[in-house]
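Protein sequences appear in the order of chains A and B.
Taking the numbering used here, the leading residue of the first sequence gets 1, the next gets one more, and so forth.
Taking the numbering used here, the leading residue of the second sequence gets 208, the next gets one more, and so forth.
Just so you know, the hints here were simulated from the structure itself, not pulled from any lab data.
Values in this document were obtained by computation on a predicted structure and should not be read as measured data.
Ideal Cβ placement from N, Cα and C applies to all residues, glycine included.
Some, not all, of what chain B presents toward chain A, calculated at C-beta under 7 angstroms:
{"no.": "1", "residue": "A246"}
{"no.": "2", "residue": "P253"}
{"no.": "3", "residue": "V255"}
{"no.": "4", "residue": "G314"}
Covered, in the sense of this in silico footprint (three residues per stretch, anywhere, with C-beta under 8 angstroms from a C-beta of chain B), are these stretches of chain A:
{"no.": "5", "segment": "49-62"}
{"no.": "6", "segment": "111-125"}
If you only want the chain A side, here are some residues facing chain B, beta carbon under 7 angstroms, derived:
{"no.": "7", "residue": "M28"}
{"no.": "8", "residue": "V30"}
{"no.": "9", "residue": "D32"}
{"no.": "10", "residue": "E33"}
{"no.": "11", "residue": "R35"}
{"no.": "12", "residue": "P38"}
{"no.": "13", "residue": "A39"}
{"no.": "14", "residue": "S40"}
{"no.": "15", "residue": "T41"}
{"no.": "16", "residue": "G42"}
{"no.": "17", "residue": "L43"}
{"no.": "18", "residue": "F45"}
{"no.": "19", "residue": "A105"}
{"no.": "20", "residue": "G107"}
{"no.": "21", "residue": "N172"}
{"no.": "22", "residue": "T175"}
Protein chains: 2
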Amino acid sequence: MTASDFDSKSPAPAGESNADCHAASGPMEVGDEVRWKPASTGLEFPAVPFPSRRVFEVAGASLLRALVRRHHQRLLNTPIGHLFPKDPARFAAGVEKTADFIVEATGGPALFTANHGHTCMRSRHFPFTIDELAREIWLAQLLSAFDDVGFPDEVREEYWNWVESLSIRVINRRTMRAAPRRIPLAGAATELADALALQRRVAAVAV
Amino acid sequence: MTASDFDSKSPAPAGESNADCHAASGPMEVGDEVRWKPASTGLEFPAVPFPSRRVFEVAGASLLRALVRRHHQRLLNTPIGHLFPKDPARFAAGVEKTADFIVEATGGPALFTANHGHTCMRSRHFPFTIDELAREIWLAQLLSAFDDVGFPDEVREEYWNWVESLSIRVINRRTMRAAPRRIPLAGAATELADALALQRRVAAVAV
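Please work from the sequences and hints to get the whole structure.
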């Protein structure tokens with residue numbers, strides 16, 4: 001009733017999952033009485049399996065911090081790179097703060113809560129526009145960072161299952177009706193191929 | 208884990224409703240086993256009372272169209288004015304398309320579906336960033352437009368209850384944990400005072 005009604009040329013949105021939305025339809029039904037459309041769920045946050053201390057015990061603080069650093073170096077060169085500070089010192093400080101969080105959440109020293117209090121994951125991200133594709137780009141780079149730093153195979157799935165589900169709670173801009181995709185570690189590279197292809201196209205334009 | 212962790216100076220987000228988020232908290236609990244945080248609802252779409260044909264019968268096509276035109280003239284001078292086309296012809300065409308929708312949805316001729324098919328309300332708005340405050344600005348201007356055009360008192364509430372609830376389904380950018388406010392027609396001016404105050408501040412800056 002506001003903006004998009006103004007442009008009949010706008011393409012059908014991608015990812016449309018509401019099967020009846022683009023179906024042929026007759027006139028609206030209007031009767032003698034008010035007609036209630038029932039309540040529904042706009043976004044469901046799936047359950048999140050927070051890691052056991054096994055992740056910290058197996059990977060160790062150094063490798064966990066290396067993973068976070070490598071992940072964020074990679075993110076800088078993606079379509080969501082603009083979300084991070086351009087100033088190298090501020091960027092590095094942010095990476096170390098995130099590493100503090102990861103170390104504590106996986107069973108290491110409580111460096112994050114001691115300095116920053118409650119994690120407030122969703123609230124902390126509200127100032128930044130994060131849509132479904134941004135989440136997939138973030139996950140795709142984590143997948144590559146696992147390999148880059150040689151993250152131990154035996155705790156990859158536990159780590160992945162945690163952030164794959166937690167990251168859905170950070171999305172604050174919806175661009176499609178479809179629920180954010182679930183992306184198990186097995187097959188993640190294939191599932192995330194679209195996000196990676198977008199990154200390659202952006203990189204090619206930048207060259 | 209991405210952007211906002213980088214800036215410890217960022218203010219606490221407005222509208223925070225998760226009482227435990229900013230509470231003092233100890234270290235994260237990490238145990239020998241994976242710890243599941245249960246699923247939850249990120250956004251609930253309340254039921255929508257679509258109008259009866261009484262609205263069209265009482266108000267009539269001319270007044271309904273006048274309401275839509277006046278509403279949109281008002282929206283142009285608000286913080287969401289940028290969502291609409293700058294070109295006057297395109298703007299006018301969009302307003303008439305919206306008026307077709309309103310006329311049909313309230314019991315008049317099926318002008319909208321005949322020309323544009325299914326309404327696809329949420330999907331049509333995905334290209335435009337619409338947050339909780341944008342919805343309130345839209346509602347505040349409708350409230351004023353009711354008075355501007357002399358919309359009949361006896362159908363205001365039925366019309367309002369419809370769009371007040373339907374407009375929640377158009378929000379696609381969340382900026383707070385709190386669910387979008389419910390704003391009954393009785394008391395709406397008071398409830399929407401913040402949205403109106405923002406508009407006045409923006410207008411003052413523009414002078």
